[in-house]
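Visitor: Listed here are the chains, written in short residue letters.
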Amino acid sequence: MKKKSIALGMAVCLCVGIFTGCGKDGEGAQTVQSEQGGQNGQDSRETEQPSVVNTVFNGELERDVTIQVLENDTAVSKGYFAELIEAFNEKYAEYGIKAVDANMDQYLDLANDGPYGYGPDVLYQANDIIMQYAEGKHIYPLPVEKMECFAQVPETAWAAYRIDLEGTVYTCGVPVNVQAPMLYYRKDLLPEDWETAWDENGNKIPDMAENWNAMYAWSVRRHGENSSQYGYMKSLFDVYFSSGFLFTYGGYIFGNNNTEPADIGFSAGEAEKGAWVLSQLASTMNEECIDDSITTNAYSKLADGTYFATITTPDMYSTFLEEMILVYEEEGLSKDEARAKAEENLVMTTLPALPESGDLTEEGASFVDTKSMGGVNGYAISAYTKHPNACLAFVEFATSYDMMVRRSELLGIAPARNDAADTAGGTSQLLYNNLEAGNIVLMPSIKEVSQIWTPGETFFIDLAKDAFRPEGEKKYTDLDAMKKGLEGVDQQIYDAIFTLK
Amino acid sequence: MKEKWNKFISAAHGSSWKVRLSAVVMGGGQFLYGSYGKGILYFLLEAGIIAYMVLRGFRDIQGFFTLGTQKGDPWLGTVGDNSVIMLLMGIFAWIIVAAFFYLYQLNLKDAWHTQKIVESGKRPLSFKEELAQLMDKKFYITVLILPVLGVCVFNVLPIVFMILIAFTNYGGDIVPPELVDWVGAANFEKLIALSQFAPTFFKILGWNLLWAVVSTILNYFLGLGLALLLDKECVKGKALWRAFPILAYAIPGFITLLAFKFMFSYGGPINQMITDAGNMATGFLDLDAKWMARGIGVLVNCWISVPSIMLLATGHLSNRDMSLYEAARIDGAGRWKQFQRLTMPFMLFATTPVLLSQFIGNFNNFGIFYFLRGGLYVDGYFLASDTDLLINWLYNLSIDNNYYCIGAAISLVIFMITSLISLVIYVKSPSYREEDTFQ
Amino acid sequence: MRKNVSVGKILDTTITYLILLAVAFVFFFPCLWLILASFSKSGSIYSFDGFFPSQYSTASFVKLFTDTAMYNYPKWFMNTLLIAAGSCALGTFLTILTAYTMSRFNFRMRKPMMKTTMVLGMFPSFMGMTVVYLLMTQFGLINHLGGLILIYASGAPMGYLTQKGFFDTIPRSIDEAAKIDGATNFQIFTRINLPLSKPIIVYTALTSFTWPWSDFILPKLLLKEKNLYTVAVGLMSLDETEFARFAAGSVFIAVPIVILYFCLVKNMVNGIAEGAVKG
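Chains as they are written, first to last, in the numbering used here: chain A, 2 to 502; chain B, 445 to 883; chain C, 3 to 281.
Just so you know, these hints were derived from the structure itself, not from any lab.
Keep in mind that this is a model prediction, so the values were computed, not measured.
Beta carbons are placed, not taken as given, at the ideal position from N, Cα and C, and that holds for glycine.
Treat the hints with caution; some may be incorrect.
Simulated coverage check for chain A against chain B, where a stretch passes if three residues somewhere in it have a Cβ under 8 Å from a Cβ of chain B [claimed, not checked]:
{"id": "1", "stretch": "76-84"}
{"id": "2", "stretch": "245-257"}
{"id": "3", "stretch": "293-307"}
{"id": "4", "stretch": "487-497"}
Derived, one-sided and incomplete: chain A residues facing chain B with beta-carbon distance under 10 Å [claimed, not checked]:
{"id": "5", "residue": "VAL53"}
{"id": "6", "residue": "ASN55"}
{"id": "7", "residue": "THR56"}
{"id": "8", "residue": "ALA112"}
{"id": "9", "residue": "PHE238"}
{"id": "10", "residue": "ALA384"}
{"id": "11", "residue": "ARG470"}
{"id": "12", "residue": "GLY473"}
{"id": "13", "residue": "LEU501"}
Could you build the full structure based on these sequences and the hints that come with them?
Guide: Dropping the structure here:
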C-alpha cells in the first residue's frame, strides 16, 4: 500500500517523464500557437465544423477489425469490463468488429508508445491526462454533437474535454464519471444522542457530515474520551485532498482557468484560512497525518473503528466496504449479514461545509460549500488507431445509458450522464450537482501541473508537523505565517517550472 | 608523426599494383596474392558498407545536421521527421563511417604485409590458419568483439546521444514531432547565469561526496569483515551463515527500500512501539530529520550492499597464497599483523575496481533517497531536500520537467567531475599500475 | 601454556559466534518481517501487534498463484525467470571472457579500454534510457523478452573490472607452464583458468541473475503487455489495496535466488586456496 504513490511516482516520473519527450508533440508550443490562433479565429468557433473530425470519422465502420481498449484496473477486476466488451462484441458481430482488453498498464503513456504503434485504440483516463494528449494531438477530436450521450452530459463535463487548437475548438473525450473527494464515515460510531444533540437543523443528517465545525468538535471529543480513537483522519500530506481547503477560500492552482502556469495561486485570496482549517484538524489527529500513513491505513482503521471518518475518492467505496465485511465476519457474522451490516454502517457523502471565518470552533458560524480538486474520467480515441470509426462505435456503446447504469452499479462511480445519475441516485446525484455548481475544481490539464506536488507536499507536511511541535517552536502560529508559507509554495512551483525554461 | 608519414610514402611507392588495387577494391590485393577467403571478406565488407551508405547512410548523416525539416501531424496522418530518431541514426551512420576508415586502413596494411610475405618467397597464411590464430595468438579479438559491440550499442551510443543532446534545444515544448535544433553551448550559458544554482550545488556536492565516501568505506569494510569472519576455521556451517545476508540480497532493492520506509514512517512498527511505550512518535525520515534521515540512508544502503561485497570478498579471499601466511606464522606474526601486511594489501589490490565502482554507484545512488525520502523541498535548498544527492537534484530540475537538454548539460558537468576524480584514483591505484603484483 | 591457548580459542570462537548471530539477526529480521507479513491473515499491515501479524494464513500465496485474471503472477514469474536465466548465462559468459582477456592479454587498446569503461560507468544511467527505448523501437524489440536479455547481457561486461581483479591474482606461471606444453590460449582458458575461477563465476552468475528480478525501469520501458511483465513491474502495477499480494509476491522473488545460491555455494571456495595448483 505504501508503495503506491511512490511506485507510481517512480514509474510515471521515470517512464512518462523521460519519455513524453519522444512524442508529446510540443504541447507548449501548440498552446502558444492556439492562443494566437484563438484570437484571430474567435468568430469561426462553433460555427465551423472541424473538418478533421469529419474526415476521420466518416461513419463507415471498418469491418473485421479488432480494437484494443484500455480500461482502468477497477473496471477490469470487478468484471464490468468483461461484460462491456461481451455486449459490444455481440452487437457488432455482424460487422466483425471485436473489442479486446488492451492488457496494458492503466497508466501507460500514449504520447510515448502511440507513435511507435504500441498504444491502445481506445483508452479510459482522467481528463487532465487525456487533454495533455490532446494538446499533442495524440488523440482524435470526436464528433460529440452527433453522439447519443451529448445532451445527457452536462456542459461542465464536456468543457473538461474541450481544447482550442489553432483557432478551432475540438472536443477530445467523452465523459464517463465524475471523481471528487468524498467523506466516508461510520454511522454506528456517531454519538448515541446525535439525533438530538448533533443535528441542529433536524434534517436527519448528522452535523458532522454537514459542516466541519461539528466534525472538529466531535473529533476532539472522541479522541478526548479515548486516546486510541480518533474522529476525522486524513494525511495532510495528500495535496490532491488538502488543496480543496485552499480553493474554498479563494486559492487556485493556475490562473485563467488553470491554463496559465505563470500565475500560481495557492496563496491567492484568503487561502491561508484553508491552511488554518487544516492545522486545526491536524491537532485532533496524531503524527500519522504528517506522512502518508493515514492515507494507507484508513481502510483498515475505519473498518476496525479506530477512525470515525476520512475522505477519499468514490471509487474506493468497495475497498472500505470489503474491509468492514472482513471485520464483521471476524466477529462471527455470516457473509451476507456482514455485508448488510457494513452497507448499513458505512456512509459515503459529499464534503461538509466550511466556516467562512476558517475558525472551526466558532459558534453559529456561517458556512460555505467546500471546494475540492476533482476530475472527469472518460474515453478517448488514440490518433494512432487504424479503425477510428469502429472505436467511435465502441465509445458510443460504452457511454450508452444501459452501460453507464451498469458501470455505476458495479463500480460505485458517479456517472456523468444525467439520466444514469438519476437512476443511480444517492451520492452520484450529489456529486453531479457539485460538478454543476462549480464546487469541483478540475485538475489542470497542462503538463506544468506535475510541478505542484512536491512544493505542496512539503508545505502540508510542515503544517501538519507544526501541530505536534512543542509550543515556542511552532512555525505557523497565525494566518500571516500561513500566508507566507503558501507564498513560498507558489514561488517554489514557479521556480520549478520556469528556472530552466 | 613525420616519420610515420615518410614510412607511409615509401610504402606507397614500394607497393605493387595488387596492393594498389586494394586501395580501390578492398581485399583485391589479398585475393590476387592467394588469400582468397580474406580477400572476399574484405570485399564483402566494403560492398556492404557502400550499399548501406547509398541506401540510407548519406541521408542519415544529412539528418544528423538538419535534425529534420518536415513536421508531422497525427490528426492529418502526416508522418513527419522525428528529430531524435534522426539524431540517433546520424550517430549510427558516423560510427559506420568510422568503422569503414578503420577497416580500410587495416586492409591496406594487410595487403602491403601480404605483398612483403610473398616477395620474401613465403606463402601467406591461409584463411584457415588465420582463423586458427583467433583461437590462440589473437584470442582476445575473438573474445572481445561481442562485448565491445554490445557495450557500444547499449552504453556508448546512449551516452554519446545524451552528450549531443546537451547542445540541442530538445525538451520542454520541443519534443517530436516538433523539430529539434542545434543550439551550441546555450544550455551551459544558461546554467552559469543562474544565481540560485551555485549555493545549492555546492551544498549538495558536499553532502554527496561525504555520502559516497562514508557509504563506500562502511560497505566495503563491513563486507570484507563479514567475509573474513565467515572464513575463520572455527565457524561451522558457513553456507548457512552466509545465507542470511544472501536472503537480504535476494529481495529486490526497491522492495527493501519501501519496507524500510514503512518501518520508519509514523504509522510503522517502530513508531508504534515507541508510542506504545508512552513516548512521542519520532519522525525518522520527515522534514526536520536531516541527520537522522542521512544516517538511516547510510545504514539502509549498508544493508543492501554489504551482502554482495561479502560474496565477492569471499571469492577473492579463497585466492590468497596461503603459503605466505604460513611463513608469516613461522616468523611469529600475529593475526592483526597478518591482516595488515598480507590480507589488506591483497584485498585492496584485487578490489580497487570494486571500491571505485562502489564509490561511483553510491555517488550516483538515485534510488535510496528517492524511495526513502522523496518529494520534499527543504528551506535553504533550491528545489532539493537536504538528503538529495546530485542525481536526485538533476532529476528534479530537468527530467521531471522534461528539460532534457538542460538535464543532459548538468549531467555532463557532473559526469566530468566524477569521471576525472575516479580516473585519477584508478590510474594511480596498484591494481592498474602493477597488475602483476600477485601473479 | 597449552591451556591458555585453548581458553583464548574458546573465547575467540564465542565472540565470533556472537558477532555472527548479531549479523544474522540484522539481516534476517527485516526479511522475517516481510515473510511473516506476507502470511498475515488480515492482508493489511496495520492490524499487526507491533512488528508481526496476529494471525497467519497462506491465503495471500494461494491468491497470488490462483487468482490470475487480473494479476498473473505465475506468468510474470516465468517471464522473469526466463529473462534472468538468459541474461545470467549470456552475461556471465561475456563478462568472464572479457575480464579474463583484459587480465591476460597485452594489446594496444587495452589500457585505453580499461580507462574508458571506468569512465563510462559514471554516466547517470537513467539519462540513457530514452535512447535505449528509441533503439529498441528501431530494432522492433519492444514487447520481446529477448530484447531485455540482449540489453542486460550487453551491459554486463561493463562491470568486468571486478572479475579482472580476480584473474589478476591467479598466478601467470600456470599459464606459462601450459604454454610450454603446447596449449593454445583458448585451451589455457577453458582447461586451466576456468576451473580456478569458480568463485568469481558464482559471484557473476548470482549478480547477473538477481539484477532482472529487481530492475523495473527497463522492463517497464520495453514491455507494454501485461502478460510480458516481469515480477518487479507487475508488483508495481498492483492496485494500492493489494498489500498482501504485494508482500507475498515480493517475498517469493527471493526463492529462486536463494535456491540458486544453495546450488552454487559449494563452488564459492576454489581449489587454489587448498594449494592444489600452486605455481
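Visitor: Check, residue by residue, whether the stretch 245-257 of chain A contains three or more positions whose beta-carbon lies closer than 8 Å to a beta-carbon of chain B, and give the verdict.
Guide: violated (count 0)
Visitor: Next item in the hint list is ALA384/A. Is there a CB on chain B closer than 10 Å to its CB?
Guide: Holds. Min distance 4 Å.
Visitor: The stretch 487-497 of chain A covered by chain B? Criterion: 3 or more residues, Cβ-Cβ distance below 8 Å.
Guide: holds (count 3)
Visitor: Does the closest beta carbon of chain B sit nearer than 10 Å to the beta carbon of GLY473/A?
Guide: violated, 15 Å
Visitor: Does the interface hint hold: is VAL53/A within less than 10 Å of chain B, judged Cβ to Cβ?
Guide: Holds. Min distance 5 Å.
Visitor: Cut-off 8 Å, C-beta pairs, minimum 3 residues; does the coverage of the stretch 293-307 of chain A by chain B stand?
Guide: With 5 residues closer than 8 Å to chain B, the stretch 293-307 of chain A meets the three-residue bar; holds.
Visitor: Report holds or violated for the interface hint on THR56/A, using the least CB-CB distance to chain B and a cut-off of 10 Å.
Guide: holds, 8 Å
Visitor: Let me know if the C-beta of ASN55/A comes in closer than 10 Å to any C-beta of chain B, holds or violated.
Guide: Interface hint status for ASN55/A: violated (12 Å vs cutoff 10 Å).
Visitor: Go through the hint on ALA112/A and say holds or violated, using the shortest Cβ distance to chain B against 10 Å.
Guide: holds, 9 Å
Visitor: Go check the stretch 76-84 of chain A versus chain B for me, would you? Three or more residues, Cβ under 8 Å, otherwise it fails.
Guide: violated (count 0)
Visitor: Taking the closest Cβ pair, is LEU501/A under 10 Å from chain B?
Guide: holds, 5 Å
Visitor: For the hint on PHE238/A, just tell me whether its beta-carbon gets within less than 10 Å of chain B.
Guide: holds, 9 Å
Consistency note: the structure conflicts with the earlier hints numbered 1, 2, 6 and 12.
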